[in-house]
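Colleague: Sequence:
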Amino acid sequence: MKVEARIFEAIAVFFFVVGIIYAVATFYYRTGVEWAGATAMFFSGGLALIAGTYFRFVARRVEIRPEDFEEAEIEDGAGELGFFSPHSYWPIMIAGAASLFAIGFATSNWWFAIGVIPVIIACAAGLVFEYHVGPEKH
1 MKVEARIFEA IAVFFFVVGI IYAVATFYYR TGVEWAGATA MFFSGGLALI AGTYFRFVAR
61 RVEIRPEDFE EAEIEDGAGE LGFFSPHSYW PIMIAGAASL FAIGFATSNW WFAIGVIPVI
121 IACAAGLVFE YHVGPEKH
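To convert, note that position 63 of the sequence shown is 63 in UniProt numbering; the numbers rise steadily by one, no gaps.
Please keep in mind that the hints were generated in silico from the structure rather than gathered at the bench. The reader is advised that the hints may include incorrect statements.
Calculated pairs, DMTMM-like style, for lysine to aspartate or glutamate (alpha carbon to alpha carbon, straight line, at most 20 angstroms) [stated by the list, open to error]: (1) Lys2 / Glu73; (2) Lys2 / Glu70; (3) Lys2 / Asp76; (4) Lys2 / Glu63; (5) Lys2 / Asp68; (6) Lys2 / Glu71; (7) Lys2 / Glu67.
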């Protein structure tokens with residue numbers, strides 16, 4: 001996870017530096033700072049910093065992976081990578097509910113959009129708890 005943390009932290013530094021350069025450049029070559037672009041640069045840097053901080057925090061709690069060793073070989077990463085549900089319908093249901101929300105929002109049908117929010121939450125809960133209830137419970 002240290003590799004991912006370094007990547008996102010480097011991206012954050014890049015966006016902050018480019019945001020400062022952009023704000024200074026637009027201030028001197030225009031009548032003032034172009035706030036939409038400067039804000040987008042700083043927010044992008046902030047989002048990358050959030051992801052990098054998360055990966056840095058997780059890297060301290062998990063065991064060392066082969067990706068974190070300089071001398072690691074390809075064979076070191078062989079084996080089971082995790083569990084991926086092969087038959088879950090919940091992602092399709094979440095996508096359908098989200099598309100209904102988008103249709104209600106785009107057509108200014110606010111009551112419909114608000115009414116679909118509990119469906120989205122229920123589908124997300126179904127995805128999260130899929131293997132904790134029902135016949136798949138181990």
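Colleague: Take the hints in turn and mark each one as holding or not.
Modeller: Here's how the hints hold up against the structure:
About 17 angstroms separates the Cα atoms of Lys2 and Glu73, which keeps this hinted pair within 20 angstroms; it holds. Under the criterion of a C-alpha separation no larger than 20 angstroms, the hint pairing Lys2 with Glu70 is consistent with the structure, at around 12 angstroms. Of the pairs offered as hints, the one joining Lys2 and Asp76 holds, with about 17 angstroms between alpha carbons and a cut-off of 20 angstroms not exceeded. For the suggested pair Lys2 and Glu63, the alpha carbons sit about 11 angstroms apart, so the restraint of at most 20 angstroms is met.
Proposed proximity of Lys2 and Asp68 is supported: the alpha carbons are some 6 angstroms apart, at most 20 angstroms. Between the alpha carbons of Lys2 and Glu71 the distance comes to roughly 15 angstroms, so the proposed pair stays at or under 20 angstroms and holds. Distance hint between Lys2 and Glu67 is fulfilled; the C-alpha atoms sit about 9 angstroms from each other, no more than 20 angstroms.
In this structure, every one of the numbered hints holds.
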